[in-house]
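J.: Please dock the two separately framed chains into a single complex, following the hints provided.
Chain by chain, the residues:
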Amino acid sequence: MEDIVQHLTPLLKEVSGYIFPNEIELHWGLLIVLYPYLTGLVAGAFILASLVKVFNVKELQPTYRMSLLTALAFLIVAPLPLLGHLGHPEKSYEIFLTPNTSSAMAMFGFVYAWYLMAVLLLEIWFDYRKDLIMWSRKEKGLMKWIHKLLSLFSSDVSEKAIRFDKKSVRVITIIGIPSAFLLHGYVGFIFGSVKANPFWSSVLMPIVFLFSAIVSGIALVLLIYMIVTPMRRKPIDMLCLNKLASYLFYVMIIDFSLETLDFIHRVYESEESIHIISELVSGKLFVSLVVIQVLIGMLIPLGSIAAAKIFKLPDELKKLIYFVAAILVQMGIFSTRWNVVIGGQLFSKSFRGLTTYKMTFFGLEGFLVSFIILIMPIVILYILFKLLPPWDEARQQVT
Amino acid sequence: MNILKILNFTNQSQKRRSFVKMFLLSVAAIAIPGRSGSQEKPKKKSGWLLADGYDATEHLWGMGVNINDCIGCGRCVAACKEENNVPRLPFFFRTWVERYEIEANGRVSVSSPNGGYDSFKPELSDKQTIRSFFVPKLCNHCDNPPCVQVCPVGATFKTVDGVILVDSDYCIGCRYCIQACPYGARFLHPVTRTAEKCTFCYHRITKGMSPACVENCPTQARIFGELKKGASPLVRFKRMHNINVLKPNLNTEPKVYYANLDMEVS
Ligand code: SF4
Ligand code: SF4
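Protein chains in written order, with this note's numbering: chain A, 1 to 399; chain B, 1001 to 1266.
For reference, chain B alone in the conformation it holds in the complex (with noise of 0.2 Å):
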């Protein structure tokens, strides 16, 4: 299988290439001499490591959360910096995890130190807590993504399978897309100064592997899988429970799918 065609590359790089054809004769003045080999660029991808044999138009993937299962132990955050190399800073997350505490009077208070990647402490002020629970989040791979509507250069993508990626060698920077994602899920990298966020482990899921979250989330309450696959976990865990997304209002279409999620979520 074609690499190009998994990316959903081609089609995109023709229209652009006429595109940029047409401007260059247009306004030769802007034209820079030389740089139209970025337009090869695409071609010559490998950085996504994918297996031989994966075909990305016969998966669609997605998540889900089941809030009641979660621990707030921060397994999954410390797995996912570990695994894609995430600076080991309080300002940088791929995955975090949050925690709500409903008070009598109706109160709420949310806290994530440092993400949740230590875990939590336990509250020791007179606080009268009625509810408290955990909810891990994510990018949620939209599949109506204003991250990719905004990103002036294509750099961040949708593939065919239904992932939300970032294209390092043509990011500029400009963190439009920081501001368009509704989630906060994305950052700047401080040392390679493009955007980042969650991949779904992409490297991994595309050997046949699951994301680093959920491999270590000792309560199974992240479930990853297909979603076009009427026998896979994930149809299963959708079918089985009470669904909700977050901000749904906003129309972004996620597909990481919370179980038990209580309004307070945001």
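One chain only, chain A, in its complex shape (with noise of 0.2 Å):
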């Protein structure tokens, strides 16, 4: 109760006009921002992947296991978060005993369960069930037990058998695309569908949501190659590289279109809440919002990439670009996923006033704690890497 006082008192002088009583303070926060940029990395991942199997998309084989792993290292961590910010995390199972079918919330359970089980699991289990096999078969030691137990102990490498994996691969890639349709956009759902809170309430927000999903996990993966490909002493595939690039600007432009139309709706209809929502993007949201999301995460990163393309500047100029902007591009969808959620909050829903959010530094909520969620998926990334090795000399060297 003391640090409950301690945190809320300042607060009260931080509000500008009238907020109801109990809005003072901020039920979602930076653990909630967390929860969407994660499973939109997973989602966006993931159906970079997808691409990559389904329109065969040969300059880009060498990120499709790359993006799986990157896909199941985050999905690992997503729901941390969610439980973090419980009042009561032992609780969290009635989600799974007793769901309420109503409740958007309550489907998360299941539909991370199905994504989990039956799409990335599986697919990455099908897709390294041979290597997994003949590995096992050279190595020895602590090794070669872990895949031998990995490839649960499978041992068929016949004709038949590969071609009934690779099989399998297409059939869970083409249920798992609209799985990470799901995962993502009943994730804007969340928000979408409180009508209570116009910032949020909008149709678009699961499509808004979902797109800029697909072009964080692009910026990530492209990130995540550009980054271990020097470490391993590759050569960076260019033609790869290129594609990554037309592929992130492509999903940045749909993107952007969207979050446009969005905001000329807004305008244009010019609803009861317009003008509290204004005095907040044009006060306290300004800098995360017109300035961090709009123009250095996602217009600075499109105009570079179109310079690049356009100007046929030489490789390496390139790379520095495409890297600078995945950087960027990451920084924007950060602060999207932030303007939703802590935004959505700041405005009173008696559209008359506006609060503040006060990060605090320790604490289940603060920023230590969503510091280190941020870097496990890092670190289960690199422990995945050793273990399933993406590469493609990996995958040659049994053959």
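Wrong hints could be hidden among the right ones.
[As the list claims (entries may be wrong)] Here are the simulated lysine-lysine pairs, BS3-like style, with alpha carbons at most 30 Å apart:
#	chain 1	residue 1	chain 2	residue 2
1	B	LYS1127	A	LYS284
2	A	LYS284	B	LYS1247
3	B	LYS1228	A	LYS195
4	A	LYS195	A	LYS13
5	B	LYS1081	A	LYS91
6	A	LYS91	B	LYS1158
7	B	LYS1158	B	LYS1228
8	A	LYS319	A	LYS58
9	B	LYS1228	B	LYS1247
10	B	LYS1127	A	LYS13
11	B	LYS1238	A	LYS195
Derived by calculation from the structure, the hints in this document are not laboratory data.
T.: Given below as structure tokens:
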């Protein structure tokens, strides 16, 4: 009780206009910003991998397995921020036992479980099965057993079995794309369906979430590819990189158009809430929305990727531009999530005033925990890369 | 009368149970062994202290508020905090009172210092106030409640007598209901870490008493009662005044009815 008094009392002074007395406490903090950010990366990385498979994009082959493992690493961490923000994490299993079927949030567990078990793990398993068997045949000691275990002790590498693997991967990919859409579109629905909040309530929300997810996923895989390849002392495949950048560019155009549409629609309809929302956007959200999300996270990367393509810049310069653009895009998408989650709570439902969010450093909802949660997938990814090397050479070795 | 039936739990929990069974069978990996006992929780429910002989199916509760009668003394706010153990802090309210001041130039200023708990000091500025009034607020016990719709575990529910309650044994503290309530009627209790809001003093009304705020209002600005019974004071109140509800455009169908509500109030 003491700490809540200490946390909330100074906020009383930060309020401008009138907010309902219960609204001083901001209910969804940094952890809930992380949640759509993380699931977005999962969905985006997976959709990238699926594009490679379904449309058979040869250039992107080097990133296929990398994207799958990235999706897995981030998916493992995705529920943590959700759990952490609950008042009673120990009761969270109730969501599985007595889900309220009319609640979008109750579906989280099921969508998550479906995606993890039925899509991602299966696809990775079928894709790696042959390699796992071949690796375990050659290896000794611990690794041998890990790979044997991961292959679930299957040993059939006959042509028929391999064909079956390939077919399974295709089928799962085809189921996987709508599943990935579901995973993230549904996160958008959690916000988009709250009619009490005009900043959130929009049918476009799931779609905007989805496309921004694909943007962030592609940018992330691009970053990982550009960092990991030189670390392995391998040359960066420019064909692959150019293709990634093109995809990133196209999806960003769609994302940007959707967001602009949403913006125009709001201004044009000019509903009751427009005054308070414009006060918010031109005031407390100006830096994170206009400057970081739109300018730094969207327009500058779009412009620089376009320039790199149009002016046929030398490869080294292109690499630099892509790399910086991808980092800016990550910043942009993170602030997109921030602006939705935090921004949407900064104005009162009386539409008469604004409040403030004060981030703490320590504590479950604090900066430190969120930072650790953001680092975790990278550590997991490192381990996954060790256990299941996604590189082409690893694959070729055995055949 | 069976408590389960009163709280409308039976149907839902049966539905849930078969759903759970299916789910546990199909995705055994997520099942947490030995936890299915929580299904039985509603059966043991005794926390609502229903008086013997109270038949929920015979009631439908609502409240009327006459803006013209409210003097902003804040007695209801204090009584509510006392009755329901609401933290005595300016951030948590089951009911609160707002003051509206409408100036000659059309400017509207709204305030609710400490939720009106300490009543209101007269405004000493040189504002040219042409109209001023007080609006008591509370959970509207919406007939179409968004908070119930979004609760992932069904901890927030609607009773057959029309009251919206939170089962704190079930509430996981996700705060989705707080986001979904358009009226700012909910908060997270800092100690129990579960969602809370006005219950119409359910423990009192099921014993035939009226809610604490109604009991303590010196001007009878709040009228509590039956919506279904023709002879009830609330039905009469609704007949005698021009009635409005808050944010009618959201289709939440509130059961708190305001007489003489100004268009500025939202
Ligand atoms: S006023 Fe808010 S808390 Fe009360 S029933 Fe309506 S939506 Fe739920
Ligand atoms: S905070 Fe509790 S009552 Fe509210 S939606 Fe979450 S679980 Fe339900």
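J.: Run every hint past the structure and note whether it holds.
T.: Results for each hint:
no.	hint	result
1	LYS1127(B) with LYS284(A)	28 Å, holds
2	LYS284(A) with LYS1247(B)	26 Å, holds
3	LYS1228(B) with LYS195(A)	29 Å, holds
4	LYS195(A) with LYS13(A)	29 Å, holds
5	LYS1081(B) with LYS91(A)	28 Å, holds
6	LYS91(A) with LYS1158(B)	21 Å, holds
7	LYS1158(B) with LYS1228(B)	17 Å, holds
8	LYS319(A) with LYS58(A)	20 Å, holds
9	LYS1228(B) with LYS1247(B)	23 Å, holds
10	LYS1127(B) with LYS13(A)	22 Å, holds
11	LYS1238(B) with LYS195(A)	28 Å, holds
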